[in-house]
Each structure stands twice: as C-alpha cells, then as structure tokens.
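Protein chains: 4
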Amino acid sequence: MQLGFVGLGRMGLNMVRRMQQAGIDCVVFDTNLDARKEAASYGATAAQSIQDLADKLEGPRAVWLMLPTAVVDAVLDQLVPLLSAGDTVIDGGNSHYVEDLRRAGELSKHQIMYVDVGVSGGVWGRERGYCQMIGGPEEAYKRLEPAFAALAPGFEAAPRTEGRSGEPSPAEKGYLYCGPSGAGHFVKMVHNGIEYGLMAAYAEGLNVLKSANAGKQKRTADAETSPLEHPERYQYDFPVGDVVELWRRGSVVGSWLLDLTAIELGRDPSLKDYTGRVSDSGEGRWTAQAAIDEGVPVPVLTAALFGRFTSQGNELYANKVMSAMRHAFGGHHEIKTDNKD
Amino acid sequence: MQLGFVGLGRMGLNMVRRMQQAGIDCVVFDTNLDARKEAASYGATAAQSIQDLADKLEGPRAVWLMLPTAVVDAVLDQLVPLLSAGDTVIDGGNSHYVEDLRRAGELSKHQIMYVDVGVSGGVWGRERGYCQMIGGPEEAYKRLEPAFAALAPGFEAAPRTEGRSGEPSPAEKGYLYCGPSGAGHFVKMVHNGIEYGLMAAYAEGLNVLKSANAGKQKRTADAETSPLEHPERYQYDFPVGDVVELWRRGSVVGSWLLDLTAIELGRDPSLKDYTGRVSDSGEGRWTAQAAIDEGVPVPVLTAALFGRFTSQGNELYANKVMSAMRHAFGGHHEIKTDNKD
Amino acid sequence: MQLGFVGLGRMGLNMVRRMQQAGIDCVVFDTNLDARKEAASYGATAAQSIQDLADKLEGPRAVWLMLPTAVVDAVLDQLVPLLSAGDTVIDGGNSHYVEDLRRAGELSKHQIMYVDVGVSGGVWGRERGYCQMIGGPEEAYKRLEPAFAALAPGFEAAPRTEGRSGEPSPAEKGYLYCGPSGAGHFVKMVHNGIEYGLMAAYAEGLNVLKSANAGKQKRTADAETSPLEHPERYQYDFPVGDVVELWRRGSVVGSWLLDLTAIELGRDPSLKDYTGRVSDSGEGRWTAQAAIDEGVPVPVLTAALFGRFTSQGNELYANKVMSAMRHAFGGHHEIKTDNKD
Amino acid sequence: MQLGFVGLGRMGLNMVRRMQQAGIDCVVFDTNLDARKEAASYGATAAQSIQDLADKLEGPRAVWLMLPTAVVDAVLDQLVPLLSAGDTVIDGGNSHYVEDLRRAGELSKHQIMYVDVGVSGGVWGRERGYCQMIGGPEEAYKRLEPAFAALAPGFEAAPRTEGRSGEPSPAEKGYLYCGPSGAGHFVKMVHNGIEYGLMAAYAEGLNVLKSANAGKQKRTADAETSPLEHPERYQYDFPVGDVVELWRRGSVVGSWLLDLTAIELGRDPSLKDYTGRVSDSGEGRWTAQAAIDEGVPVPVLTAALFGRFTSQGNELYANKVMSAMRHAFGGHHEIKTDNKD
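Protein chains in written order, with this note's numbering: chain A, 425 to 765; chain B, 425 to 765; chain C, 425 to 765; chain D, 425 to 765.
It is possible that part of the hints are untrue.
Same chains, same label: a pair holds when it works inside one copy or across any pair of copies.
Unchecked claim - 35 Å max Cα-Cα, derived DSBU-like pairs, lysine-lysine:
no. : residue 1 : residue 2
1   : Lys480    : Lys461
2   : Lys696    : Lys566
3   : Lys461    : Lys566
4   : Lys642    : Lys461
5   : Lys480    : Lys566
6   : Lys480    : Lys696
7   : Lys642    : Lys480
8   : Lys533    : Lys480
9   : Lys566    : Lys642
10  : Lys640    : Lys533
11  : Lys566    : Lys533
12  : Lys642    : Lys696
13  : Lys642    : Lys533
14  : Lys640    : Lys566
Treat the hints as calculated values from the structure; they're not laboratory data. Small disclaimer: the values here were computed from a predicted structure and weren't measured.
Could you put together the complete structure from these sequences and hints?
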C-alpha cells in the first residue's frame, strides 16, 4: 500500500515511521527539509513539493495531512487541483468537525473523498500506537484500513473486555469507523473534552492535598480575610508524588494520565519549572459548544475549560468588576496579592 | 431604650448614629479613641472600657457587638463575666452560625441571652438603613425590636409587593425574626452566598462584552493556540459603562449592585485602578459547605466562590499539574503568558 | 412618525400601545385577527397582510418585527421584496446576533437597512417601558430614535447615577446605540446570559434556606447514603417568602428579580404549582458559546445554563453512565429515588 | 501475624480471604452468621462476639474495622473497653478524617493506637489487591506493615514509573504511610473526590456523543424552545460502546474506569436498566468542604458532586423558583417535561 503524507512534525514523523515499519510506502512532504530527511531515513520517499508528492503517487491516490488546523485549508487549496476523481484526502489533525462537513462537501464536487481521522497518542504514539477515530465515506475507510491498522496499537494493547469474544473488532485493535464526514473529529473532539475534565479532576485533587497544611500558615484577623475555623485539621504535609505513585496500583483512579503524572511528580513534586499557563487547542471549546447546541449539560467539562482560560489571564476584567463592586458597596480595598510559589 | 455597643468601625459608627437619631441611647466602646469621640459627637455615651460600659448600662442590659468574626470570642470572654442573668448579647457581625450555636449554649449557662443578627447594608446603610436577619430567643428579639426598627430602612424603602396588605410586617420594614439561635447568621450567610453569585454573573457578562473585539486581535497559528473560526463575529467595541447605565432602566437585570457598578464604570470603564484580587470573608464558603451538608446543589454559588479563590492565586499548583501532564503526553511546552491589561 | 409593526404577541401588542400613546402611528400586522383588532383599539392601523402593510406605509418605510426567532427569516422572505431602497427593517425579537450579521449583509444588497434591537422588559414593559439595545447603521438608529424614546422607560425610571450630570444621555433614558450590525442583539444576549446567572444565584440560595431543616429528616445508615455529621446544625424552618421580602429593603441583593420573587413567594412559598422545568430560549446558550470563542471564562453563567438543561432531563444518560460505573467497580446498586415535593 | 477483623461485608470478606492466603491469621466477627461462616471457610477464626474476638487475640492486639461510617463509633464503644494499653484499632472504612482526629485523641487516653486506612479497590480488590492510604502513629504502621503488604496489589501490578529505581518503595507496592492521624482518610477522601470528577468527565462526554443526533429530532418553533441553528451538524448515531472500547487502546483517556465502562456498555449501550440516580457516600462532599476551608478552587470536583445531588432530586426547589421568576417577569408557563429514555 502507498500513502502520501504531508506534515512531518513531532507526531507526523512518528506516524510515518510506524507505517513504514508495517510495510506501507509513504511519500512524504514538509517544508522543513530536515524533517523530510528524517522521514527518508525511515524508508519513506521524500517529495520536493506538493506537486512532486502528487506526481509520485499512483492513482487512486490517498494523501494524509497531519497539520495544524489553521493551515489545513491553505494546503488543500494547493493539493486538490493536483488530485483526480477517486482520490482521497485524509485530515488526521485536530480540525473542527464542522470544517470537515464543509470540506467534504467541497471535495465531493471534484469526486475526491475526504476522510477525517482523530488521532490520539501524543508523543508516546510511536511506541504505543495511535488510537484512531474515523469519519467519512465508508468506501474510503475500507480502502485505507491497512494504514489505520498499521498505526493502531493493536489488540494486545489492552486486556480483552469481559463479555467480548470472537474475532477482535477494529475498536479492539485501536481504530474505529465512527460514521459519515465529521464523525471522526467529533469523537476526537469529545475525547479531548473528556481529557480536559480528567486532567482537571486530578489537578484539583492534588492541589487539595498540597494545601492540606493550610492550618500551619499565619492568617490575618481582619474583615477581608476568611478565617480558618479549624487549623488543627489542616496540618498535613503530604508526599504528593508518592500518593500519585500509590494510586497507580489497585485504586479506582488509575489511568494512563496518572502514570504520566507519576513520572512528572517523581522528577519534581513541586513542579517549579512550570508557570501554570495551560493552553487549549480548540477541542475542549468545541465540545462545550456542541454540548450547548445539543442542550446537554457538561458542567465538569466546561469547568475544566474555563480553568484553562483563567490560567491564560482572561478572567481579569471580571475580577476587576467584582473588586469595583466591593469597593462601591462596602468600601473594601483590594488586598495586595500574596506571593504564591 | 438603652443599648451597649462595642465595635465602632466604619459600620458600627454609622449604626450608632442611626440609633441615636431614633432616640436610642447608646453606651459605646472601642479601643480606638477617635471612634469613641465620633460616636459621642452623635450623642452616644462613650465608655472607657468594657467594664465601664457594663457599669453604665442599667439592667437588664443589652450589648451589641459589631466586630470582626475573629475577635468576637475574645471580647465575649471579657464581657460575659461583667453581665448578669437576664442580660442579652447581640452579635451583629459576620459570625458563622455554627459559632452562634456554641455561644448561645455557653451563655445560656449564665442565663444570658444571645441574639445573632446578620446585617446587610455596607457603607450605604447609614443613609439607606440596615437590613437585619435575626436569630435567637424570641423574648430577646421582642425586647430589642425598637433597636432593629431604628436601624432598618423602613416600609417606605421599597414599593409594596403586589398581594400584600394590612399593617406592614417587620420584613416589610427591613428586619425579620428568622428563628432560634443561628437563624439570623444562617440567613445572612446565604444572603452573602447569593451576593457572590450575583456579582460574578454581572462580572462574567461584562467580561464577555469587553472581549467582543477578540476578532481584531492577532492570533498565532500554532498547535498550542486555539483558532478563532469567525473573527468577523467579534469586532465590537462596546461602551461597557453605558451598557450598565442602560440596564438600570426597564431591564430584567436591574439591581442595586448594578446601580453601584454604574457608578464605578461611570468613573472609569477600564477599572485600571483595580488589580482583580477579590477577597472573600467567609460567608460564601459557609454557604457552600452548608449546601453540601444538606445535599443541595449550588453550582453557581460555588463557581463564584472559586473564582475568588482563583483571583487569590490558589489554583496555581493545579495548573502546574496540568502543564506537567501536557508536557508528559504531548511534549507541550508552556507558552509565555501574554500581557493582559 | 409612522412605523410598520409585524408580530402582535404579548409583547408586541404592549409595545404598539406604548408607541401609539406617544403619538407614533403604527401600521400593524399579525396572522391572529384578534391581536390585530386589539392593536386597532389602541389606535393602530391594522393591515390585512404583509403586502397591505407595505402599501400602507409611506417611504422611506420602517418595519419593526417582533417575532419568535425561528420565523424571522420566513417573514423577511415575504417582506423584503415589497420594500424599496432606503427602507429599514428592525428585528426586535431575540435573534442570534450572528443571524443579524447575515441578514444585514443580505438586505444591504437591496439598500435596505437592517437594525437589530434587543428588548428587555417582559410583560411589565407596557407599564415600565422597554430597555433597548440597538445595533446597525447609525443613520437608521438616528431616524428611528423617536420610536426608541417612546418605548423606553425614560430618565425618571431610576435615580441618576452619582457622577453623571448634564443632559441625560440615551442610556439614561433606557435605549442605547451599541454599535454596528449585531451589536444590539449581542448586548441583549449577554444581558440574558447574566439574567440566567442572577436567577440561579437566588434560586440556589433559597434552596439552601429551604433545606436548612435537613437535620430533622430521617437518614438511613448504609454505605450508599452520605451521613449528616451535625444534624443539630440543620434544624431551621425558614420563612423563605418573608426572607425574600426582607431582602428588598436595604440589603446588597435587592433587585427587580427579587421584587418579582417576593410576589411569587408571597402567593405560595411552596411553589407547588410549578414542576421545575426551566426553559431556555437561546441567549444563554449563545452567551456561553461567544464567551468560549473569546476565551473568556463564564463558569457562573454556564452553571446556570446547565441547570436549565438538567431541569429539562438532558443529563439522564450521563447519570446512567455513572450508575453503571459504580455498579462495575463497587457492585453498587441504585437506590430508588425518594419522593421530593 | 494475627489480626482481629470486624465487618464482613462484600469488601471485608474479600480482604480477609486475601490476608489468610498470605498467612495472616484473622480472628473475625460480624453480626451476620453466614458471613462469619464464609470467613471461616477461608481459614479465619470466627468469633461469637466482640468480646470473644478480643479474648481470642494475643496482645498487643490489632483489630481492623471494616464498617459503614455511621456505625464505627458504636462498635468502638463496645470494643475499646475490651482492649488494653498498646493495642491498635484500624479503621479501614470510609470515615471522615475529622472523625479520625477525634477518635485518635480519645483512644490515646487509653494508650490505644488508632490507625486510619483509606482502602480503594471495590469488588475487584480480591483479585487486584487493595490500594491503601495509611495514617496514624508511625509505630503502629510499622507493626502492621505485613497486613498492608498482604492486602496490597504488589509491585508487579503496574509497570515501573520511568525514573524510579532500586528497591521498590511501599507506594510502588500499593500502600503508603501518609502521615499522622487522619492522613490516610484525608488522602482517600481526595481520591474519591477525584474519582467523582473522572466519572463525570467520561459521563458528560458520552452524553454529548449520544446526543449527537439532535439534528434529527423535531423541534417546536416557539419562544420557549431554543432553536438549533445547524441541525445538519448533529446527524450522528455514534456506537458509544465501541467508542469506549476504542479509547482503551493508545488514547490519552485510557483508565481503569474506562475499562469498566467498556464492560457495562458492551453489555447494553443504552444502559436501560439504570435510572440515573447516583448516590454519594460522603468523600466527595468532604473533599469539597476541605478545599473550601483551604481556599483551593475545585470547580470540576464540585460540579461532579452537584451532578449527583441533582440526580437525587435536590435541585427541585431551585428550579421551581426559576420557573416562578420566569412566570413573573415574562408570563412564561412551564412546558410539560418531555419523555426521555
């Protein structure tokens, strides 16, 4: 099987490597020459340009894009005129599924099939394989199944779920056809929405543990500071890193995210090298917006999302408004922010 | 009627003034000599000490405390031995109602009645009167009713509610006997919990208005930054101060808090003199904790409370944990925080 | 001044009445004949059809639509072909501002101006006047200002904000030009988003008061029921209706919504005629979605929104998932729901 | 090693079995005769009463309680008088750590040591082992370590965390000394608080997937129903069970809870046998309350907690208040609740 592949970032390179190892011939392109060279070192064929890539592929072509969402359309503008009826484009990035609906419609005018694939796995995917959520024409999915299977973690990656038997299904190997155009990125979007919620749940809990020595702190006795009625209840200095390590075995909260947290906290439980600014890359927002369209309550997922917005400083004006109100009704003046570390 | 009064801060002085004007003789004490002098200028009798205050009052005595919660017990330790059976102590500060239950029990051993009064009104109370939520023995409430009536805004302070008729009830004058010990501070606690929610609702909405020019900002097109799909929808520069002024007339969101916000935003819509650190003084916390004990969901009130905690910097470790997780699974590095103003 | 007016529902009729009283000649239409008759009884001219309405208006025409959002486009399809260059259409309903942007673009091709007006006031507007948030071409706003002024509550509707002086601004009379197309409905959208938050803040707080007798309830001592450690702290039977009445005078939480709540609770504090299903009509959703686009945290506003979704039953599947998880890891069986009243 | 064990419920029996297999002699008691017989079948010695259990143990005794929180104190009242200085009591149930502080203080008067152990593992613990979080006198912890090790999952239960080396620490075997009295239950409390958050994150996300066919539903076009602007975006019928199975391999959201969810959804993706009433057993509440005492924001954890309260019906009065407000300002009548399934 032959596959075009555009976008050789961190993740793209690892994916090409995994496919080459599984015997899939990748014809690759990226504007970064070093990345092209690295892909070539895995056995891939490096193209000099999008045009060159299209030329090097035999029809019906399949071209997998692994690009930042913001540049997908620009690359499609270049690529589509070089393709022919019956070809397929795969968007494996983190596009909004609404964009998929639009693009699938546009490409179908040229009889080009558009497949959207949500890919989870991060930098660990090279080793663990990539979990793939797939949407688009079922015909295209079928044709591309060897590539999905090559990228996927495989059946052995997890113990079989009680109650399942027979030939493993694609889901049990780590890839799934989720439905028509947009379905793959919709499921990936929700996946990331959930991820935000999981991360925040752990993070909040660990913060409660870390602050369990609150009773040892000095507190001013003025009307602007909430009193701590029972300082004797908050005298603990918990070994947060060890607690996370502990929870990896036998507890209800075990997870891959927890495994990773154990690595990070094992290195430095104070996490002093981080400033606490948490980026968000779109899917959490879209999940919340889709939920709202559907009328489905997602208080946990949005709380996690808003925590990120706040870490980016975007709550500032709201807080100023509240300080102004407090000043107006109570003559309260702001207290200088304490140093936190 | 004669009343002892301890605690001549901002609010205490205004309350004494209002009572003196209504013909209630206050015998006052505060460690601050200037405050005592000011109270005397309103016609109150200034005592030299707690002992002196107790001496100057005829039995059965009633002593109103208007103190920061953190010092109430210390003052009671001094005061109670100077009182006699049949006397009454009123705590008009922001004590936790659980403290009231304890104190009422302790004072009842000395046959001293303990009355808890939640007082709302802030610095405007001198002019508008004070809304009072009262708990404790009904006998004490009855005896003190002239003082409550003197402090209250009075029947004229609001148009009569449709459906009410006859002699105005105490609630319609601005004070209410809410029930046994703790009832006054319980109601005041919830009052403040609601206040946090109202403030945050306005503040969040105004922040959405202020940020409605997001489409004019430049945005980087990397995988760490969520794209804005429709910049053309966020091109507004709203006159936030005028909007708030507008809403004061005829809209569903009109309120006294909005009136105050109009004053502040009228002065400076950018609120540049505020840093956005929002203190909390206990009641919002206690409301949430009581709701949790009751099993009552209060997502709005806690969201408001947590916004304050976050404005105080207490979310930091949680955010570092999330940054660490993102680093661990995706190799993501933190973006330097943008300057916000 | 002459004005076309389509949509004589509850609110439309009251608005026509108010304008007629101010000397604005309304030519009105609604498919409901009775409504047309009622409008005629206020002095308006009833048209037999959209065509008739267009015919009866002198150019340049101005037609105000007061319709459910879902039917605005259908009416525009009928109306626009009957209008001429220089005419104006006003959408006074609760359209999404994004629709305004689209419609303004479409109508501008015909040189018809499109004005979006967010109107607050509900059924009380007839008496109190309507608070109006206006977007669109400033030229159209200027021409229509007499109508806005007639509908608005007027300067006397609220005490002047401290610090304001001179000739009252439009905002101080109850209408405001907020900016280009969509600006009016954007501000109204946020207004309603805030309204949801305010309502939920009060509602949650009153629920905490109502449940303050939790310590009197019997509780089973099994592993599925959370124990109440201090039943003695929850022995209060608060007069919730009186508390709300009380807060109307002198307290920080006074508002028009609270005034209305006092009416309702004065009638029946148990609210037994309500089932607790709370509709939402779009603006709360759009506010949250706009905030998310802007990257602005709105935890309080979304908590309020999600409370409504949940009251509509849309959380059900999520709860089943959690019950299933609890069954899977702990063998927990669901407890039969208690009867609540 | 010999150990007394009181409380042979689901979990207690499995724990005794695991300890017997590891060569720890358990002397057990429960009021349920069948449970005693079952424990005896694992090799444990069944006592006829608490007295008998105390008699059968050689000093210094250690007695492990595995009881519903609500009955621990009653059993301690019976047990403590039968113990001697130097004995140890272990509370392995889900007590509030604040109770531990009190009990440890009381028992220390009798020179009895009190150890609090948070135990995670549920019905799977028999097979997987139990994750144990331990608080109390370090001396007692040391003496009991063989029991903790027998119950724990052991080092092999998870791949070693990158960066760890040398002799496995207790945390790496599945038990951890967390600090002085209360430390074990504090950490377990937060563990469960996190668990609530994780569960809700998954549940909300799956609900968004399940409702992704919203565009296929009929919608009424009235002012009480929020319109769905883009029904074409919500036309998906996702195979939710397969999606969960998929995510078990290679995705960022993999976890033990997800594994269990896959079992349940594999059985019946509609979950029709569940009603959606989600119990809470205390720890989620205490986590939130501790966080509030500490001033630490936990919006995700409380959103999860409040979702449970709402599933129990406790939001009802709040919703009625909002319906009443909507009626009062807009004349809105409640819509009859749709049937959901």
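Hints, verified against the model:
{"no.": "1", "hint": "Lys480 / Lys461", "verdict": "within (17 Å within a copy, 75 Å between copies)"}
{"no.": "2", "hint": "Lys696 / Lys566", "verdict": "between (48 Å within a copy, 33 Å between copies)"}
{"no.": "3", "hint": "Lys461 / Lys566", "verdict": "within (31 Å within a copy, 58 Å between copies)"}
{"no.": "4", "hint": "Lys642 / Lys461", "verdict": "between (59 Å within a copy, 33 Å between copies)"}
{"no.": "5", "hint": "Lys480 / Lys566", "verdict": "within (23 Å within a copy, 64 Å between copies)"}
{"no.": "6", "hint": "Lys480 / Lys696", "verdict": "neither (49 Å within a copy, 53 Å between copies)"}
{"no.": "7", "hint": "Lys642 / Lys480", "verdict": "neither (70 Å within a copy, 38 Å between copies)"}
{"no.": "8", "hint": "Lys533 / Lys480", "verdict": "within (24 Å within a copy, 47 Å between copies)"}
{"no.": "9", "hint": "Lys566 / Lys642", "verdict": "between (65 Å within a copy, 33 Å between copies)"}
{"no.": "10", "hint": "Lys640 / Lys533", "verdict": "between (69 Å within a copy, 25 Å between copies)"}
{"no.": "11", "hint": "Lys566 / Lys533", "verdict": "within (21 Å within a copy, 47 Å between copies)"}
{"no.": "12", "hint": "Lys642 / Lys696", "verdict": "both (23 Å within a copy, 30 Å between copies)"}
{"no.": "13", "hint": "Lys642 / Lys533", "verdict": "between (69 Å within a copy, 30 Å between copies)"}
{"no.": "14", "hint": "Lys640 / Lys566", "verdict": "between (63 Å within a copy, 27 Å between copies)"}
Taken one by one, the earlier hints fail for this structure at numbers 6, 7, listed in ascending order.
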